[in-house]
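Protein sequence lines correspond, in order, to chains A and B. Residues 1 to 311 in the numbering used here are what the first sequence lists, from first letter to last. Residues 312 to 513 in the numbering used here are what the second sequence lists, from first letter to last.
In short, the hints are calculated from the structure, not lab data. Note that the Cβ used here is the ideal one computed from N, Cα and C, for glycine as well. It is possible that some hints are incorrect.
[To be verified] Sample of chain A residues at the chain B side, in silico, Cβ under 8 angstroms: (1) Ala47; (2) Leu246; (3) Ile258.
Chain by chain, the residues run as shown.
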Amino acid sequence: MEPILSVRNLSISFTQYTSKTRRHRLHVIDDLSLSIEAGQVVAVVGASGSGKSLLAHGILGILPYNAFLEGSIRYGGEALDQARAARLRGKEIVLVPQGVTYLDPLMKVGPQIRKGRRGKPLLDRCRAVLARYGLGPEVEDAYPFALSGGMARRVLISTAVIESPRLIIADEPTPGLDAQAAGRIMGHFRELADGGAGVLLITHDLELALTVADRVAVLYAGQTVEEAPACAFAAGRLLHPYTKALYQALPQNGFIPIPGTQPYPGEIAQGCLFAPRCDRCRAQCKEASIPYRAVSSGYVRCLTAEEEETA
Amino acid sequence: MTLEAKQVSFGYAGQGQERVLRQVSLTIRPGERVGLSAPSGRGKTTLCKLLAGYERPDSGQIHLGGKPLASFRGFCPVQMIWQHPETALDPLLRLGETLREAGPVEQRLLDALHISPAWLSRYPGELSGGELQRFCIARVLRPGLRFLLCDEITAMLDLITQAQIWRFLMEEADRRRLGLLIVSHNRQLLKALCTRVEQLEK
Numbered sequence: 001m002e003p004i005l006s007v008r009n010l011s012i013s014f015t016q017y018t019s020k021t022r023r024h025r026l027h028v029i030d031d032l033s034l035s036i037e038a039g040q041v042v043a044v045v046g047a048s049g050s051g052k053s054l055l056a057h058g059i060l061g062i063l064p065y066n067a068f069l070e071g072s073i074r075y076g077g078e079a080l081d082q083a084r085a086a087r088l089r090g091k092e093i094v095l096v097p098q099g100v101t102y103l104d105p106l107m108k109v110g111p112q113i114r115k116g117r118r119g120k121p122l123l124d125r126c127r128a129v130l131a132r133y134g135l136g137p138e139v140e141d142a143y144p145f146a147l148s149g150g151m152a153r154r155v156l157i158s159t160a161v162i163e164s165p166r167l168i169i170a171d172e173p174t175p176g177l178d179a180q181a182a183g184r185i186m187g188h189f190r191e192l193a194d195g196g197a198g199v200l201l202i203t204h205d206l207e208l209a210l211t212v213a214d215r216v217a218v219l220y221a222g223q224t225v226e227e228a229p230a231c232a233f234a235a236g237r238l239l240h241p242y243t244k245a246l247y248q249a250l251p252q253n254g255f256i257p258i259p260g261t262q263p264y265p266g267e268i269a270q271g272c273l274f275a276p277r278c279d280r281c282r283a284q285c286k287e288a289s290i291p292y293r294a295v296s297s298g299y300v301r302c303l304t305a306e307e308e309e310t311a
Numbered sequence: 312m313t314l315e316a317k318q319v320s321f322g323y324a325g326q327g328q329e330r331v332l333r334q335v336s337l338t339i340r341p342g343e344r345v346g347l348s349a350p351s352g353r354g355k356t357t358l359c360k361l362l363a364g365y366e367r368p369d370s371g372q373i374h375l376g377g378k379p380l381a382s383f384r385g386f387c388p389v390q391m392i393w394q395h396p397e398t399a400l401d402p403l404l405r406l407g408e409t410l411r412e413a414g415p416v417e418q419r420l421l422d423a424l425h426i427s428p429a430w431l432s433r434y435p436g437e438l439s440g441g442e443l444q445r446f447c448i449a450r451v452l453r454p455g456l457r458f459l460l461c462d463e464i465t466a467m468l469d470l471i472t473q474a475q476i477w478r479f480l481m482e483e484a485d486r487r488r489l490g491l492l493i494v495s496h497n498r499q500l501l502k503a504l505c506t507r508v509e510q511l512e513k
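The whole structure should be built from the sequences, with the hints applied where relevant.
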């Protein structure tokens with residue numbers, strides 16, 4: 001089946017001025033690939049600065065003016081260019097942003113969810129959507145400041161799903177929520193996928209992502225380093241050393257830190273971006289860029305991963 | 312030396328009779344790592360601010376080694392690390408100056424926290440949250456420190472940075488017999504770190 005969204009070899013770079021007349025292109029995302037099928041939740045997990053939010057903005061066509069995008073983004077089997085993204089975003093493709101600051105503070109919740117449109121059917125639909133997330137009709141008359149963090153999050157989801165979207169992009173939807181509230185929000189995304197939509201869940205919370213995602217794509221310094229089914233984590237079938245390190249850093253899985261920090265864009269000129277922190281790094285890892293290749297359960301960007309698979 | 316909150320109550324000005332904390336008591340001994348967990352809005356951060364002396368309780372006392380916390384002069388032996396490091400650092404000071412504000416910082420700490428010398432000449436806006444949080448930790452670990460209050464200090468960091476920071480803080484706390492209060496929503500994190508976990512009741 002044709003995936004709802006397929007991103008291939010995406011690169012995003014920014015034009016910077018290093019002095020008044022010298023221009024410089026900074027690659028922030030480099031060779032990123034992933035795909036989402038209908039009914040799936042795909043989590044994109046990575047540290048801050050790994051390019052997670054830029055990916056979302058790239059898909060929606062809302063990158064800043066000095067950004068330059070290469071590679072292909074296909075939605076529903078057709079190329080998703082700037083014009084098509086502008087037509088579809090907010091309707092078929094929706095964004096659930098991070099927090100209350102994305103709501104208009106001077107507009108009541110009801111009109112905000114309906115985007116200012118009127119009419120009985122829409123009013124009914126708005127009620128139904130709110131009710132689905134456990135919010136009563138009185139919430140329609142509230143201003144955003146009166147909402148708690150968890151309620152605001154549910155209102156943001158409501159603004160997205162009132163359009164019956166086919167692709168939902170959720171950008172860090174849970175920070176600041178307690179475990180129970182975060183779990184409920186995750187449940188709502190699972191429901192949307194079970195209803196036939198594709199969900200791209202962008203988060204740094206691996207533990208939470210694993211509770212709902214079908215597949216997990218791991219981002220490191222602007223590259224996808226591994227895409228694996230969620231069940232591969234608990235089963236110990238991970239291939240990339242960074243993904244393994246991430247999983248072993250969970251408090252319940254050993255709480256083991258690896259040394260070092262993620263490199264800045266442009267800091268490592270060639271070869272594997274994870275090489276300085278990798279205990280399996282060899283000479284050839286530093287020579288050329290590492291291909292993102294298909295393996296039985298997904299994809300991996302590592303030269304040494306193969307041996308383990310056959311072992 | 313013990314840190315004690317005795318029957319403290321506190322409400323923010325403008326909230327009328329509404330109290331964030333009502334008759335809360337908590338004791339932390341040296342070498343102890345006390346976890347604190349409660350749903351949002353229960354006053355976890357407020358309790359930290361009272362214990363560190365940023366706010367005074369409306370009633371009840373904060374005692375350190377049997378004396379009121381307010382009677383200590385100079386560097387306060389109780390220090391707090393905040394959830395959002397980008398709001399806890401002066402945006403107009405280079406990070407090196409921020410570090411030196413309260414006196415020299417041991418090179419050993421900078422090495423252990425992986426603070427790169429190149430970062431010292433940068434402004435807070437130029438580093439990530441995980442990098443900034445390392446500075447916030449380095450500047451409070453002064454010789455006079457006895458108790459450290461950690462308010463969701465790794466909630467916004469990735470797992471590896473989180474493990475790095477806690478591994479370092481645990482070693483440092485053990486070596487110096489610091490008392491720690493660790494606020495977090497993450498039950499697994501508290502389980503891995505704490506000697507006991509307290510709930511903040513309504």
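Comparing the hints with the structure gives:
1. Ala47: Holds. Min distance 4 angstroms.
2. Leu246: For Leu246/A, the interface hint holds, since the closest Cβ of chain B sits about 5 angstroms away, which is under 8 angstroms.
3. Ile258: OK, holds: Ile258/A within 8 angstroms of chain B, min 6 angstroms.
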